[in-house]
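Peer 1: Listed here are the chains, written in short residue letters.
2 protein chains.
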Amino acid sequence: MDRDFLLHPQLLADTAMVCDLGLSRVLLMDDAHWPWLILVPRRRQLRELIDLDREERIVLGDEIELASRILRARFNPDKLNVAALGNQVEQLHVHVIARHRNDPAWPAPVWGRLPRRSYEPSARQSLLDGLALAFATAA
Amino acid sequence: MDRDFLLHPQLLADTAMVCDLGLSRVLLMDDAHWPWLILVPRRRQLRELIDLDREERIVLGDEIELASRILRARFNPDKLNVAALGNQVEQLHVHVIARHRNDPAWPAPVWGRLPRRSYEPSARQSLLDGLALAFATAA
Numbered sequence: 001m002d003r004d005f006l007l008h009p010q011l012l013a014d015t016a017m018v019c020d021l022g023l024s025r026v027l028l029m030d031d032a033h034w035p036w037l038i039l040v041p042r043r044r045q046l047r048e049l050i051d052l053d054r055e056e057r058i059v060l061g062d063e064i065e066l067a068s069r070i071l072r073a074r075f076n077p078d079k080l081n082v083a084a085l086g087n088q089v090e091q092l093h094v095h096v097i098a099r100h101r102n103d104p105a106w107p108a109p110v111w112g113r114l115p116r117r118s119y120e121p122s123a124r125q126s127l128l129d130g131l132a133l134a135f136a137t138a139a
Numbered sequence: 140m141d142r143d144f145l146l147h148p149q150l151l152a153d154t155a156m157v158c159d160l161g162l163s164r165v166l167l168m169d170d171a172h173w174p175w176l177i178l179v180p181r182r183r184q185l186r187e188l189i190d191l192d193r194e195e196r197i198v199l200g201d202e203i204e205l206a207s208r209i210l211r212a213r214f215n216p217d218k219l220n221v222a223a224l225g226n227q228v229e230q231l232h233v234h235v236i237a238r239h240r241n242d243p244a245w246p247a248p249v250w251g252r253l254p255r256r257s258y259e260p261s262a263r264q265s266l267l268d269g270l271a272l273a274f275a276t277a278a
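As given, the protein sequences belong to chains U and B, one line each in that order. Taking the numbering used here as reference, the numbering of the first sequence is continuous, increasing by one, and the terminal residue is 139. Taking the numbering used here as reference, the numbering of the second sequence is continuous, increasing by one, and the terminal residue is 278.
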């Protein structure tokens, strides 16, 4: 981890922080259409998964698995979508999204389908608290 | 690996086989718009990354890394896209796609953007031979 890790401004603008895990910062995408977490390894200058060394990649895999299990336990999705794209935001980040057959993009991927719709603030805080507790309990 | 592993019919229809790695079958998406590999762990009944046990997930990570490095060496992409979605094809499969700033979907994800355009057969064979050689040399 880099002490001077900085989150990309676009991620900062679109998300709320859930917690820090061993490697990654866990963010909640502030889009009420989908339960959507983003994991950002807290190191500078990473763009691709293959920029991680093998040990870090394994840790990131563990953290993706934890995020997936927490989303599954809370939202009972029909499918999880896990993706490292980064065509628009160059800082390495991994999407972990809970998808349902009745969500507004199904079965298409979520990116670029609908304008982001922020959570109502108290609902967002409640969700953030619940997620932070789940990560703290499991990690 | 399951001896009776069967590829999903949609993957069979849309791809050509490159090779088998330790865990995954490597497929070339038969879409000349993008250099696009798909890794399918050769086990039955997998839908999610979290259906893999940890050892298998680490092996899959190694194989994704190898596929990424081979695409990068051959196509010099501006970005790699790595994703396990599976909203339409329920068999666990991982996309590894070489993206360029001048490709026809950039910066959007590739899924659902354009009708698939098959390679010209001799170009496809040449690409398959080159990729198979690269995997055989590296693995």
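Calculated directly from the structure, the hints in this document are not laboratory data. Misleading hints may appear alongside valid ones.
[As the list claims (entries may be wrong)] Simulated coverage check for chain B against chain U, where a stretch passes if three residues somewhere in it have a Cβ under 8 angstroms from a Cβ of chain U: (1) 145-159; (2) 166-177; (3) 225-238; (4) 248-255; (5) 258-272.
Quick caveat, the model's predicted, so the values are computed rather than measured. For glycine and all other residues, C-beta sits at the position ideal for the given N, C-alpha and C.
Peer 1: Would you say the region 258-272 of chain B counts as covered by chain U, given the rule of at least 3 residues with C-beta under 8 angstroms?
Peer 2: Since 0 is below three, the answer is violated.
Peer 1: Three residues or more, CB to CB closer than 8 angstroms: is that satisfied between the region 145-159 of chain B and chain U?
Peer 2: violated (count 0)
Peer 1: Do three or more residues from the region 225-238 of chain B put their C-beta atoms closer than 8 angstroms to C-beta atoms of chain U?
Peer 2: It holds, with 4 qualifying residues against the three required.
Peer 1: Count the residues of the region 248-255 of chain B with a beta-carbon closer than 8 angstroms to any beta-carbon of chain U: does the count reach three?
Peer 2: Result for this restraint: holds, n = 3.
Peer 1: Three residues or more, CB to CB closer than 8 angstroms: is that satisfied between the region 166-177 of chain B and chain U?
Peer 2: Coverage by chain U is violated here, the residue count being 0 at a Cβ distance below 8 angstroms.
When held up to the earlier numbered hints, the structure conflicts with 1, 2, 5 and fits the remainder.
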